[in-house]
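In mature numbering (1 follows the signal peptide of the UniProt record, and there is no 0), the protein residues as written are -24 to -1, 1 to 189.
Derived from the structure by calculation, the hints contain no laboratory data.
Just so it is clear, CB atoms sit at the ideal spot from N, CA and C, and this is done for glycine as well.
A couple of the hints might just be wrong.
Taking lysine-lysine pairs in the DSS-like style, the calculated list, with each CA pair at most 30 Å apart, reads [unchecked claim]:
hint, residue 1, residue 2
1, 98, 125
2, 57, 72
3, 47, 162
4, 47, 57
5, 72, 94
6, 97, 162
7, 47, 61
Here are the simulated distance ranges between beta carbons [claimed, not checked]:
hint, residue 1, residue 2, range
8, 83, 115, 25 to 33 Å
9, 78, 174, 36 to 44 Å
10, 170, 65, 30 to 38 Å
11, 47, 153, 40 to 48 Å
12, 170, 82, 43 to 51 Å
13, 158, 52, 22 to 30 Å
14, 127, 59, 31 to 39 Å
15, 79, 53, 15 to 23 Å
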Amino acid sequence: MCYKRLRAWLRPLVLLVSWPPGTVKRSQYSYLETMTDLVAVWEVALSDGVHKIEFEHGTTSGKRVVYVDGKEVIRRDWMFKLVGKETFTVGAAQTKGTINIDAVSGFAYEYTLEINGKSLKKYMENRSKTTNTWILNLDGVDFRVVLEKDTMDVWCNGRNMETAGEFVEDGTETHFSIGNHDCCIKAVSSGKRREGIIHTLIVDDKEIPETTE
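Make a model of the complete structure from these sequences and hints.
Structure, rendered in structure tokens:
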């Protein structure tokens, strides 16, 4: 085999992102890479913020390292089994996360993330039905406000806010403050069975458009 062909054969394969979201494949020959064993990165939107999960997998040593928001939470430097799973927690509510490592062919592995026992895609679909999210800027600072509709808990930039609820003529209002700004989440019936209750964030008497995550 000539030198050029040998170099081409040894060239490491790069990360391959596959469908559905939350699934990543990588070649077993990637141990030839000297830069990193990072094989997968996910972003998970929870009530207290958007969390970054990173996973390193050494496909020769079996090394497994999990990072949550840049902090190392699991490290196994040597594993005889290259497949398996790693479980950890994410965020203030200690939400359960699991990374599954599966062999998909002779030289490739698949990495999938589950949140609370559901695939990342399914979890985010369910979450979009039970929460409302708003992004706004006040006094030059970005804020992310999340309403958990089942508990009526309100989160702002990772903090569970103190709120005061009251019944009004056309529904309910949940009041809280961000700095010196008066905030209110108004809940009114849509009049349609499928749509249910409509929640609107009002800050300083101005309606804030909802954000889709």
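Hints, one by one, checked against the model:
Between residue 98 and residue 125 the CA atoms are separated by roughly 18 Å; this keeps the pair inside 30 Å, and the hint holds. As the CA atoms of residue 57 and residue 72 are separated by approximately 23 Å, the hinted pair is consistent with the 30 Å bound. For a cut-off of 30 Å, the pair hint linking residue 47 to residue 162 is broken: about 37 Å separates their Cα positions. Straight-line distance between C-alpha atoms of residue 47 and residue 57 comes to about 24 Å, which keeps the hinted pair within the 30 Å bound.
Proximity of residue 72 to residue 94 is assessed by CA-CA distance (about 10 Å); at most 30 Å being required, the pair is judged to hold. A hinted pair counts as satisfied when its Cα atoms are at most 30 Å apart, and residue 97 with residue 162 qualifies at roughly 29 Å. For the hint linking residue 47 to residue 61, the alpha-carbon distance of about 19 Å falls within 30 Å, and the restraint holds. Look at residue 83 against residue 115: about 54 Å separates their beta carbons, and that is not inside 25 to 33 Å.
Hint check: residue 78 to residue 174, Cβ distance near 42 Å, so the stated range 36 to 44 Å holds. A hinted range of 30 to 38 Å holds for the C-beta pair residue 170 and residue 65, which are about 35 Å apart. Range check, residue 47 to residue 153: Cβ separation about 31 Å, and the 40 to 48 Å hint is violated. Roughly 48 Å separates the CB atoms of residue 170 and residue 82, a value that falls within the hinted 43 to 51 Å.
Checking the proposed 22 to 30 Å range against residue 158 and residue 52 shows it is violated: the Cβ atoms sit about 50 Å from each other. The hinted window of 31 to 39 Å between residue 127 and residue 59 holds, with their beta carbons roughly 38 Å apart. Residue 79 and residue 53 have their C-beta atoms about 21 Å apart, which keeps the hinted 15 to 23 Å range intact.
Hint check: violations occur at hints 3, 8, 11, 13; the rest are consistent with the structure.
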